[in-house]
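**Q** Chain residues, written in single-letter form:
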Amino acid sequence: MNEILKYTLMIVIILFTLTTIAAWLIWLERRMLALWQDRYGPNRAGPFGLFIVVADTIKLFFKEDWIPPFAEKAVFVFAPAIVAAAVLLSFVVVPFAPDILVADLDIGLLFFLAMSSLGVYSIVLGGWASNNKYSLLGALRGASQMISYEVFMGLSLMGVVMLSGSFRLTDIVMAQKDFWFVVTQPVAFVLFLTAGIAETHRLPFDIPEAESELVAGFHSEYSGMKFGMFFIGEYLGIILISAMVVTIFFGGWLGPVLPPVVWFTLKTFVFIIFFILLRASLPRPRYDQLMEYGWKIILPIALLNLLVTGGFTLLKN
Amino acid sequence: MEIAFYIAGTVAVAATWMVITRHNPVHALLYLNVSLLAHAMLFYLLGASFAALLEIIIYAGAIMVLFIFVVMLLNLGKETAEQERKWLKPKVWVGPTVLAAILFAEFLALVLSSGQGAYSPAVVSPRELATALYREYLIGVELAAMLLMAAVVGAAHIGRHKKLVLHRFLQEEKEKEEEKHEEAVL
Numbered sequence: 001m002n003e004i005l006k007y008t009l010m011i012v013i014i015l016f017t018l019t020t021i022a023a024w025l026i027w028l029e030r031r032m033l034a035l036w037q038d039r040y041g042p043n044r045a046g047p048f049g050l051f052i053v054v055a056d057t058i059k060l061f062f063k064e065d066w067i068p069p070f071a072e073k074a075v076f077v078f079a080p081a082i083v084a085a086a087v088l089l090s091f092v093v094v095p096f097a098p099d100i101l102v103a104d105l106d107i108g109l110l111f112f113l114a115m116s117s118l119g120v121y122s123i124v125l126g127g128w129a130s131n132n133k134y135s136l137l138g139a140l141r142g143a144s145q146m147i148s149y150e151v152f153m154g155l156s157l158m159g160v161v162m163l164s165g166s167f168r169l170t171d172i173v174m175a176q177k178d179f180w181f182v183v184t185q186p187v188a189f190v191l192f193l194t195a196g197i198a199e200t201h202r203l204p205f206d207i208p209e210a211e212s213e214l215v216a217g218f219h220s221e222y223s224g225m226k227f228g229m230f231f232i233g234e235y236l237g238i239i240l241i242s243a244m245v246v247t248i249f250f251g252g253w254l255g256p257v258l259p260p261v262v263w264f265t266l267k268t269f270v271f272i273i274f275f276i277l278l279r280a281s282l283p284r285p286r287y288d289q290l291m292e293y294g295w296k297i298i299l300p301i302a303l304l305n306l307l308v309t310g311g312f313t314l315l316k317n
Numbered sequence: 001m002e003i004a005f006y007i008a009g010t011v012a013v014a015a016t017w018m019v020i021t022r023h024n025p026v027h028a029l030l031y032l033n034v035s036l037l038a039h040a041m042l043f044y045l046l047g048a049s050f051a052a053l054l055e056i057i058i059y060a061g062a063i064m065v066l067f068i069f070v071v072m073l074l075n076l077g078k079e080t081a082e083q084e085r086k087w088l089k090p091k092v093w094v095g096p097t098v099l100a101a102i103l104f105a106e107f108l109a110l111v112l113s114s115g116q117g118a119y120s121p122a123v124v125s126p127r128e129l130a131t132a133l134y135r136e137y138l139i140g141v142e143l144a145a146m147l148l149m150a151a152v153v154g155a156a157h158i159g160r161h162k163k164l165v166l167h168r169f170l171q172e173e174k175e176k177e178e179e180k181h182e183e184a185v186l
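First to last, the sequence lines map onto chains U and W. Its first residue numbered 1, the first sequence is counted upward by one per residue in this note's numbering. Its first residue numbered 1, the second sequence is counted upward by one per residue in this note's numbering.
Chain W with its partners taken away, still in its complex shape:
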């Protein structure tokens, strides 16, 4: 099982690398999907089977589809790939790489000093997860619910049909037309 864990981890890192370096947005999104699936595998191997499947259902199955949906509608052609290529020059990499390397070194030091392998599974059943969520972490759940509610209200507001507002000239024209229509009906 430990081998599977490290294989999935490698796949996740490689796929994420490909996400950053792809020029075509749809290809990048597909690699991101592979990365999410690899993460689900990692969760599963660590014993969090519920979280693993939620990762697939919500992230890979719904959110990424919406991303691809939007990219599809934009129909980004060769020009965007060209632009991406221009933006992703080697010079751009220097700053983030140095900073990330410092963090990575710290992380390595922590992991090595703890003397514990990365793979230490602890099985959590859906029932245990649910009781933890709705007892100890109830406030978090409630806050998330409020945030989502606000988002839903906002979406409903944006998606509302706007009232038809006409310029006064057009208004007069419209009234005339309506009168004509009424006469015709009579």
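Chain U on its own, in the form it takes in the complex:
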């Protein structure tokens, strides 16, 4: 009974913290962008403009939640829920600290890959159900982009699995006691981060949205809280990818003096801010460039990395 209560409490706390952080990221992103572009950003509501998130949320709730008459109603309503659900499910296996995690699955890494591969349905179905040319184009781009980059995401992680000898995320963290995997697997780190940005379809890989060509891409027809779901799903995705990068390549909760959770949070926020910096600094590639880059450059590098890592592991044994 005590166990069940403990885990239920943990799930509720993690869920609450994640959604809250995801909401405040909107403020963080706008403030950081403003900083890099030499302006103030939102600074009116509350101290440092922090309450803009509350104002935004209230605004979203009071907007008309419109379903276009030409849309496929059931799928249209269902689509935004998938992205948030898939990303939140991935957090089940993320070890925030030795004793703060929901489930320590022996196939944790695969569970993360599986859930992130389900996230693509949100874009595909949202775009298709909208029954709108721009949405459909966005959905097509999103589907091909996410399927391609999933391949490299999985392949780049296999080197880490070889070195640590386990799919369990706590084992992977503990295997980094002497060296972070970013030292031994630098190529894999760069590939994983690239694939992660493509998975969350953030700038510079936001071609499913591409507001300068496709209105708003796959969510052109969405309004009110349904749009809010896509929005929150995107920010949750940023947190997830940052947390996974930290867990897999930067030693997770490991660190001196400070408690494990603080280390984990600090490292994760460094990557979240890196995500925002990317948005502030890089232009968007063309769609065909993105696909070519993926299949002709990243895939061979990922395979080569796997080969070299395998060779080294064999030699060491």
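Hints are computed from structural coordinates only; laboratory data are not their basis. Just so you know, these numbers come straight off a predicted model, no measurement behind them. Ideal Cβ placement from N, Cα and C applies to all residues, glycine included. Please note: incorrect hints may appear among the correct ones.
[Stated by the list, open to error] Stretches of chain U that chain W covers, calculated by requiring three or more beta carbons in the stretch to come under 8 Å of a beta carbon on chain W:
1) 103 to 111
2) 116 to 128
3) 135 to 144
[As the list claims (entries may be wrong)] In silico DSS-like pairs for lysine-lysine, Cα to Cα no more than 30 Å straight-line:
4) U:Lys133 <-> W:Lys174
5) U:Lys73 <-> W:Lys176
6) U:Lys73 <-> W:Lys86
7) W:Lys89 <-> U:Lys296
8) W:Lys89 <-> U:Lys73
9) W:Lys163 <-> W:Lys174
10) U:Lys59 <-> U:Lys73
11) W:Lys180 <-> W:Lys163
12) W:Lys91 <-> W:Lys78
13) U:Lys296 <-> W:Lys174
Fit chain W to the given chain U structure using the hints.
**A** Positioned in the frame of chain U, the structure of chain W alone reads:
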């Protein structure tokens, strides 16, 4: 755990039933997805966690997305749903149902005579699976690899840019144009 196993099994059967009876192809594919997820759950409960997640990553996450991708591009409207409705008449069901019922009866007899429940989990770790695949079943893996290689070569051949072939009149025209272009450049 046994209850979870039977619940997942029921979901799988119900979802598969819905796949067959839906008229709208995208709805059918979505139900197929639910069915695949239920199958992954069954695998997991039986102890094959690796197979369970591969089922989600490969089938639900990649192959089904490609299916939906194609259906989306075809943009099948109300006419196809109407056509499906016409094709799926009660009369069509008779033959397959009788044959399937015979098989099902045999299956039931086998399961009941074995005296063993459907739920008998045996945990297989990814490591054990890998050693089995690359020792005892190595030939199977190699054959699958060859098949995939052939498929890749075939896809590359189909996707190759075709050489531009022109009719001789058009050829002459093109040559003239090129000459003009060269003169202009000079």
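**Q** Would you pick out the hints that fail for this structure and give their numbers low to high?
**A** Hint check: 4, 5, 7, 13 fail, others pass.
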